[in-house]
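As you go down the protein sequences, you meet chains C and W in turn.
Taking the numbering used here, the leading residue of the first sequence gets 1, the next gets one more, and so forth.
Taking the numbering used here, the leading residue of the second sequence gets 1, the next gets one more, and so forth.
Please keep in mind that the hints were generated in silico from the structure rather than gathered at the bench.
Take these hints with a grain of salt, some might be off.
Each pair may be met inside one copy or between any two copies, as identical chains are not told apart.
[Said to hold, decoys possible] Listed below are the simulated DSS-like cross-link pairs for lysine-lysine, each with C-alpha atoms no more than 30 Å apart in a straight line:
| no. | residue 1 | residue 2 |
| --- | --- | --- |
| 1 | K80 | K97 |
| 2 | K80 | K37 |
| 3 | K97 | K37 |
2 protein chains.
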Amino acid sequence: MTDWPKTYYACIFTNQRSEQGRDLYPMMSDRMVELAKTQPGFLGVESVRGDDEIGITVSYWETREAIAAWGRHGEHMIAKRHGREEFYLWFQLRIAKVEETRSFNIDQLDEAVSGD
Amino acid sequence: MTDWPKTYYACIFTNQRSEQGRDLYPMMSDRMVELAKTQPGFLGVESVRGDDEIGITVSYWETREAIAAWGRHGEHMIAKRHGREEFYLWFQLRIAKVEETRSFNIDQLDEAVSGD
Numbered sequence: 001m002t003d004w005p006k007t008y009y010a011c012i013f014t015n016q017r018s019e020q021g022r023d024l025y026p027m028m029s030d031r032m033v034e035l036a037k038t039q040p041g042f043l044g045v046e047s048v049r050g051d052d053e054i055g056i057t058v059s060y061w062e063t064r065e066a067i068a069a070w071g072r073h074g075e076h077m078i079a080k081r082h083g084r085e086e087f088y089l090w091f092q093l094r095i096a097k098v099e100e101t102r103s104f105n106i107d108q109l110d111e112a113v114s115g116d
Numbered sequence: 001m002t003d004w005p006k007t008y009y010a011c012i013f014t015n016q017r018s019e020q021g022r023d024l025y026p027m028m029s030d031r032m033v034e035l036a037k038t039q040p041g042f043l044g045v046e047s048v049r050g051d052d053e054i055g056i057t058v059s060y061w062e063t064r065e066a067i068a069a070w071g072r073h074g075e076h077m078i079a080k081r082h083g084r085e086e087f088y089l090w091f092q093l094r095i096a097k098v099e100e101t102r103s104f105n106i107d108q109l110d111e112a113v114s115g116d
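Sequences are here, hints too, so could you generate the full structure?
Encoded structure:
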């Protein structure tokens, strides 16, 4: 966290899983996180899913252009198509410019926050 | 969602619950959500907690000033103090300006998204 830029972008992805794809979804989700981490401009990701299958994943990027480029990545485009067709009942995606950060007892947020 | 402004602010609160306050925390958390909903400039809230006690709560506000005013609310200040002293192992709070929104199968996000 200490070397993050002063301002950066958050991609807030709120969603609810469907009953479909119980076998495929975890693999796809893990693969997307691993792939995102290798993209230019990637800063970090936080992801939580509750018992009701509602999830929030927030990924952080240096620029909006980095988010757009990730959106055009071939494997990501395939995953997004399956997301609409199978994995999600609904989702909401918001792109937001982070202007202020405060933390408490944070050393390594990326390591502390769970995968999906 | 349809009458939300074109740009607005997100308050992204990522945290991990401690072992303390298992009886008090749900009451405090519910009270904060109910109180936030009555504040000027409040738009909506999404909140998910996973099995590992990590949670992400994103609240949405018309302006940064509305977020700041909510931060100075008396009951909220008490809750924040107990949050640092008891309820949370760590947290990260980010304030971000939402610039772009995309959704899929969303009608009433506020009703669809669970409480904490």
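Hints versus structure:
no.	hint	in the structure
1	K80 - K97	both (23 Å within a copy, 24 Å between copies)
2	K80 - K37	within (17 Å within a copy, 32 Å between copies)
3	K97 - K37	both (19 Å within a copy, 23 Å between copies)
The structure fails none of the hints (numbered hints given earlier).
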